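*Asks:* Residue numbers (numbering that gives the first Met the number 0), protein chains in the order written: chain A, 0 to 213; chain B, 0 to 213.
Just so you know, the hints here were simulated from the structure itself, not pulled from any lab data. None of these values were measured; they are calculated from a predicted model. For each residue, glycine too, the CB sits at the ideal point set by N, CA and C. Careful, some of the hints might be misleading.
Once the Cα atoms are required to be at most 20 Å apart in a straight line, the calculated EDC-like pairs of lysine to aspartate or glutamate come out as [as the list claims (entries may be wrong)]: (1) K150/A x D186/B; (2) K61/A x D187/B; (3) K4/A x D205/A; (4) K206/A x D134/B; (5) K206/A x D186/B; (6) K24/A x D208/B.
Some chain B residues well away from chain A (every beta-carbon gap over 10 Å; in silico) [what the hints assert, rightly or not]: (7) A17; (8) E84; (9) S102; (10) I118; (11) R166; (12) R168; (13) L175; (14) S180; (15) D205; (16) D208.
There are 2 protein chains.
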Amino acid sequence: MRIPKHIGIIPDGNRRWAVNKGLSKEKGYDKGLNPGLQLFKLCEEIGVEEITYYGFTMDNTKRPKIQRLSFTKACIDAVKMLTSENASLLVVGNTESEMFPKSLIPFTLKRRDFGKGGIKVNFLVNYGWQWDLRDYFTLNNKNTNITNMIKSRDISRIDLVIRWGGRRRLSGFPPLQTVYSDIYVIDDYWPDFKPEHFYQALEWYDKQDITLGG
Amino acid sequence: MRIPKHIGIIPDGNRRWAVNKGLSKEKGYDKGLNPGLQLFKLCEEIGVEEITYYGFTMDNTKRPKIQRLSFTKACIDAVKMLTSENASLLVVGNTESEMFPKSLIPFTLKRRDFGKGGIKVNFLVNYGWQWDLRDYFTLNNKNTNITNMIKSRDISRIDLVIRWGGRRRLSGFPPLQTVYSDIYVIDDYWPDFKPEHFYQALEWYDKQDITLGG
């Protein structure tokens, strides 16, 4: 089986999950923590080399404050949780904003190994695609590799994006790394994560003909 | 019904269509001309304001020469065909390459009205996302609107991408304009285009909750 080297995760549907359960919207976010850990372990098991989790974006912070506080806490908890695993962690996002949680700043400075190190995990926190690309320039050097000049340059090309919650879009997930990504959408909400979702995505990916335009 | 202002078209599956018919791969491309015109007329009818067609990319030109000549001819013919319609045409792509067909150069210089003008039509010919973004810079002005500095700056944000041929990916379709696009995939190959495909995509789009991250 052809295993994607790098999987991008869009864990959507937390608010809709909460509303369906008769809860207020912000109650959905911490129900995404266990799925995130389960998924990490499945990736580890099958030999995925890199995972990028969509935490929250600068756009998302325009939502009601109670929701913002709740998804910010869930991201902090998720990153802390991953420090107990064997992982090489990097948080990517705009730290020059009050919306960025201070406790995660050390994780943005450089990729850090936890446990025995191993699988690279990128966690997008207060990420924005415009922020990411803003300092992208070439200074007349036509041979410069442009992807080296973006803020998310330590995140490699993403082979497979898996999105929960039924929406068929990238919603600002790092645009340059997803130019050729295969995108698999799961209708269930992220808090209803099941390992079968992941296996379905992998089986589908295995059947795709990857050409990168050639 | 909520009509997308701007629709992106990825007309994939021409080669697979040809092989299924027992033809050689390059025979599929000119079978995409009529579908392209039919789709244009449907968009006109319902009041779409802008269409972007994925012609071919710089990556695609690495394919065997007989295929390259065939898809290049199909693009030239498609653009010429659209000059008989009421449309405001622009071709976007890397003209500083032998792979760019000379007869289309006039269409790249500025958007030109044909007939009574009207719906904006962008046709990507020898397009490359890296080429598009290469001169993207900010000169320390943090407030600059970065999307004004890309080569495809005359192409607006795309609301709905419709892809034929079953693949669930963007394959280098203009990355900054598709950051928030809803993506609808049709399994049939492009030469098998039916108006129903388009109506299905519109019905699906009408049900999507567009938030742009907010």
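*Asks:* For each hint, tell me whether it holds in the structure or not.
*Replies:* Results for each hint:
1. Distance hint between K150/A and D186/B is unfulfilled; the C-alpha atoms sit about 36 Å from each other, more than 20 Å.
2. A hinted pair counts as satisfied when its Cα atoms are at most 20 Å apart, and K61/A with D187/B does not qualify at roughly 40 Å.
3. For the suggested pair K4/A and D205/A, the alpha carbons sit about 12 Å apart, so the restraint of at most 20 Å is met.
4. A C-alpha spacing of about 37 Å is found between K206/A and D134/B, which places the hinted pair above 20 Å, so the restraint is violated.
5. About 14 Å separates the Cα atoms of K206/A and D186/B, which keeps this hinted pair within 20 Å; it holds.
6. For a cut-off of 20 Å, the pair hint linking K24/A to D208/B stands: about 16 Å separates their Cα positions.
7. Every CB of chain A lies more than 10 Å from the CB of A17/B, the least distance being 16 Å, so the non-interface label holds.
8. Once the 10 Å rule is applied to beta carbons, E84/B is consistent with being away from chain A; the minimum gap is 29 Å.
9. The Cβ of S102/B lies farther than 10 Å from every Cβ of chain A, with a closest approach of about 24 Å, so its non-interface assignment holds.
10. No beta-carbon of chain A comes within 10 Å of the beta-carbon of I118/B; the shortest separation is about 24 Å.
11. Not every C-beta of chain A lies more than 10 Å from that of R166/B, the closest at about 7 Å, which undercuts listing it as non-interface.
12. Chain A draws R168/B into its interface by the beta-carbon criterion, the shortest separation being 5 Å against a cut-off of 10 Å.
13. Separation of L175/B from chain A is inadequate, the least Cβ-Cβ distance of about 6 Å not exceeding the 10 Å criterion.
14. With a cut of 10 Å on Cβ distances, S180/B falls inside the contact zone with chain A, its closest approach being about 6 Å.
15. With 10 Å as the threshold on Cβ separation, the claim that D205/B sits away from chain A holds: the shortest Cβ distance comes to roughly 14 Å.
16. Not every CB of chain A lies more than 10 Å from the CB of D208/B, the least distance being 8 Å, so the non-interface label is violated.
Checked against the numbered hints given earlier, the structure breaks hints 1, 2, 4, 11, 12, 13, 14 and 16 and satisfies all the rest.
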